[in-house]
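Each residue of the sequence shown is one higher than the last, beginning at 1 in UniProt numbering.
Think of the hints as simulated: they come from the structure by calculation, not from any bench.
There's no promise every hint is true.
What the hints assert, rightly or not - Computed list of lysine to aspartate or glutamate pairs in DMTMM-like fashion (alpha-carbon distance at most 20 Å, straight line): (1) Lys381 - Asp80; (2) Lys34 - Asp78; (3) Lys358 - Asp415; (4) Lys58 - Glu46; (5) Lys58 - Asp105; (6) Lys88 - Asp17; (7) Lys268 - Glu473; (8) Lys94 - Glu15; (9) Lys34 - Glu141; (10) Lys358 - Asp207; (11) Lys34 - Asp145; (12) Lys94 - Glu46; (13) Lys58 - Asp143; (14) Lys267 - Glu365; (15) Lys389 - Glu373; (16) Lys94 - Glu141; (17) Lys262 - Asp305; (18) Lys318 - Asp387; (19) Lys268 - Glu479; (20) Lys44 - Asp105; (21) Lys139 - Asp127; (22) Lys318 - Asp207; (23) Lys94 - Asp17; (24) Lys267 - Glu479; (25) Lys34 - Asp387; (26) Lys268 - Asp451; (27) Lys318 - Asp334.
To be verified - What follows is a set of in silico ranges between Cβ atoms, one per label pair, in the way DEER data are often shown: (28) Ala466 - Arg3: 50 to 58 Å; (29) Thr279 - Glu19: 56 to 64 Å; (30) Asn322 - Asn475: 42 to 50 Å; (31) Gly449 - Glu6: 22 to 30 Å; (32) Thr279 - Tyr99: 39 to 47 Å.
Glycine included, every Cβ here is placed at the ideal spot set by N, Cα and C.
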Amino acid sequence: MPRIEEIDLHPWGWETDPEEERFRLSTLDYLTTKTFTNMAVMFKVEASQKDMVTELFKESIARTLSQIRHMIGTIEKDPDGQHSIVRKRGTTTKFVVQYLDGPEDTYPSLAEMEKAHFTSDILGDADELSYLPMTFGPKPEADPDNSPPVSAFKLNYIPGGMILMLPSHHYANGIIAFTSFVHQMADWCYALANKTEHPAFDPRNLDRTLFTNLGFETAEASAGPNTETSGLAPAPAPALPVSSPPRHRRSHSLLFHVPKSKAAQLKKLATPADGSWITTYNAICAMMWRVFSRIREPLYNPGRDYTPTFGTGVTLIKRIPNMPERMQGNMQFDINSTTSHLPQFTLGEIISNVPLSKLASYIREMTESVTPEMLAVELQKVARMRDKKNLSISVDAFPLMALYITDWRGCNLCDFDFGFAHPTAYRHMFGIIPQGHCVVYPAHHGPAGDDEGIELQVTFEEELMADLLNDPEWNRYFEFRGVDMMEEGGTKPKL
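Hey, can you work out the whole structure from these sequences and the hints?
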């Protein structure tokens, strides 16, 4: 059994904290997934550094929690049926250190993980690395009515390195705010390790009224009677034929790399002839939507007039005026082709009937449609709901052939200097395989050197994996880096 040390960690200066602090959730917080997130950050650590690194993180986390105050405590139900993150004087968070690098341990080394591109398969059991029950997935422990904890911290020492697990409740932060939280922690690590000036933190970053004052929601409206339905949930797509296969087919998670040079070629291919602007991300999404639809069509056979759902998250931090740089909370809005008010493409159009540039432009237009004015209208539709936890999005609830892309390019954790090292890579440990899902990771210091680009973690049906991996159009731009995670009983594809 590995050696484990666990303490209840107080925030710095807790003795003089207020008796109780409450951080009211906004509607944007409810619109995310009702789950714990489970980020793993990998570092190179020498054996002689372990004690120093442990103490450095212990103090840095305590200092960070004294500033980013909503990231410790529990989620509690308010008298009006909504929820707040509640922090009390004396509240602690779990700080755990696990040693998986003992002489009798057989855990993979950091070098072995790097060689395997840090796939979930080699990282190991999410339950062993994480702090239970704060692992990803629909579980009663994450329900906001059950007083879930907001955060925990676990250091796992492995041969040649360390895996820092940062489980937290998704209602507390979206990916951009989470990145800012880790950035503040890194700044504290650097300052303490190098004895430099301590990092400040703007209290405005915790002020959710910056949303409400923009008219996105009002206290008066949220205190009103319950509303049965939400205009923000995915609208039902046309049903697949009765003869179609069952909803769930055995699927696996695959990891692909898009070199910078290949991404540039793809953007050029997908740029409209009239010169109108698209991003590299739009081009990648368009090609993914086209190839995945083409390969999946014979399996599900919905007919060329079927309109598959495409969805993505849109980061709001730069779209809402006067937001502080490290604003906390869920600063993203999930939009999809059934709720964007744009004409939907049919399966035939996606596969071949329209140029790739038209798909890329559509994705760009869908993203650009998320404006402060649009948010004000959409969020007021659900402002009168009492039980807002039912707004939480679930990728598995999307219809068959849907593609939902989670954009984490802004989560640049590997750029942060922690004083003793920069992270080598990071991964979210799902532990399960979300259907129809793709995560876009930013470039890290990978084997492609200067040509290292983004990585895609995609879910694909087992019986179609060989078709994808041998597809000439796909392989022109996307490099296969391995099977990330397999469902039980699955078999690896033949190339």
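Here is what the structure says about each hint:
Proximity of Lys381 to Asp80 is assessed by CA-CA distance (about 18 Å); at most 20 Å being required, the pair is judged to hold. Simply put, Lys34 and Asp78 have alpha-carbon atoms about 17 Å apart, close enough for the 20 Å limit, and the pair holds. Under the criterion of a C-alpha separation no larger than 20 Å, the hint pairing Lys358 with Asp415 is inconsistent with the structure, at around 34 Å. Straight-line distance between C-alpha atoms of Lys58 and Glu46 comes to about 18 Å, which keeps the hinted pair within the 20 Å bound.
Distance check on the hinted pair: Lys58 and Asp105 sit about 25 Å apart at the alpha-carbon level, beyond 20 Å; violated. With a C-alpha separation of about 8 Å, the suggested pair Lys88 and Asp17 falls inside the 20 Å cut-off, and the hint holds. Taken as a hint, the Lys268 and Glu473 pair is honoured in the structure, with Cα atoms around 15 Å apart against an allowance of 20 Å. A threshold of 20 Å between alpha carbons decides the hint, and for Lys94 with Glu15 the separation of about 18 Å falls inside it, so the pair holds.
As the CA atoms of Lys34 and Glu141 are separated by approximately 10 Å, the hinted pair is consistent with the 20 Å bound. Restraint check: the Cα-Cα separation between Lys358 and Asp207 comes to about 40 Å, which exceeds 20 Å; the hinted pair is violated. A distance of roughly 11 Å separates the Cα atoms of Lys34 and Asp145; the hinted pair therefore holds under the 20 Å criterion. Taking the CA atoms of Lys94 and Glu46, the gap is about 24 Å. The hint is violated against a cut of 20 Å.
Only pairs whose Cα atoms come within 20 Å are accepted, and Lys58 paired with Asp143 is rejected, the gap being roughly 28 Å. Under the criterion of a C-alpha separation no larger than 20 Å, the hint pairing Lys267 with Glu365 is consistent with the structure, at around 16 Å. The straight-line distance between the Cα atoms of Lys389 and Glu373 is roughly 24 Å, outside the 20 Å bound, and the hint therefore fails. Using a Cα cut-off of 20 Å, the hinted pair Lys94 and Glu141 holds, with the two alpha carbons roughly 16 Å apart.
Restraint check for Lys262 and Asp305: the C-alpha separation of about 32 Å exceeds 20 Å, so the hint is violated. Using a Cα cut-off of 20 Å, the hinted pair Lys318 and Asp387 is violated, with the two alpha carbons roughly 29 Å apart. As the CA atoms of Lys268 and Glu479 are separated by approximately 19 Å, the hinted pair is consistent with the 20 Å bound. Between the alpha carbons of Lys44 and Asp105 the distance comes to roughly 18 Å, so the proposed pair stays at or under 20 Å and holds.
The hinted pair formed by Lys139 and Asp127 meets the criterion: a straight-line CA distance of about 14 Å does not exceed 20 Å. Between Lys318 and Asp207, the direct Cα distance comes to roughly 17 Å. Compliance with the 20 Å bound is thereby established for this hinted pair. A hinted pair counts as satisfied when its Cα atoms are at most 20 Å apart, and Lys94 with Asp17 qualifies at roughly 19 Å. Only pairs whose Cα atoms come within 20 Å are accepted, and Lys267 paired with Glu479 is accepted, the gap being roughly 16 Å.
With a C-alpha separation of about 13 Å, the suggested pairing of Lys34 with Asp387 holds against the 20 Å cut-off. At roughly 17 Å between alpha-carbon atoms, Lys268 and Asp451 fall within 20 Å of each other, so this suggested pair holds. A C-alpha spacing of about 16 Å is found between Lys318 and Asp334, which places the hinted pair at or below 20 Å, so the restraint holds. Separated by about 43 Å at the C-beta atoms, Ala466 and Arg3 break the suggested range of 50 to 58 Å.
Take Thr279 and Glu19: their Cβ atoms lie about 48 Å apart, and the range 56 to 64 Å is violated. About 46 Å separates the C-beta atoms of Asn322 and Asn475, a value consistent with the hinted range of 42 to 50 Å. For the hinted restraint 22 to 30 Å between Gly449 and Glu6, the CB-CB distance of approximately 40 Å leaves it violated. The hint said 39 to 47 Å for the Cβ distance between Thr279 and Tyr99, and at roughly 44 Å that hint holds.
Consistency note: the structure conflicts with the earlier hints numbered 3, 5, 10, 12, 13, 15, 17, 18, 28, 29 and 31.
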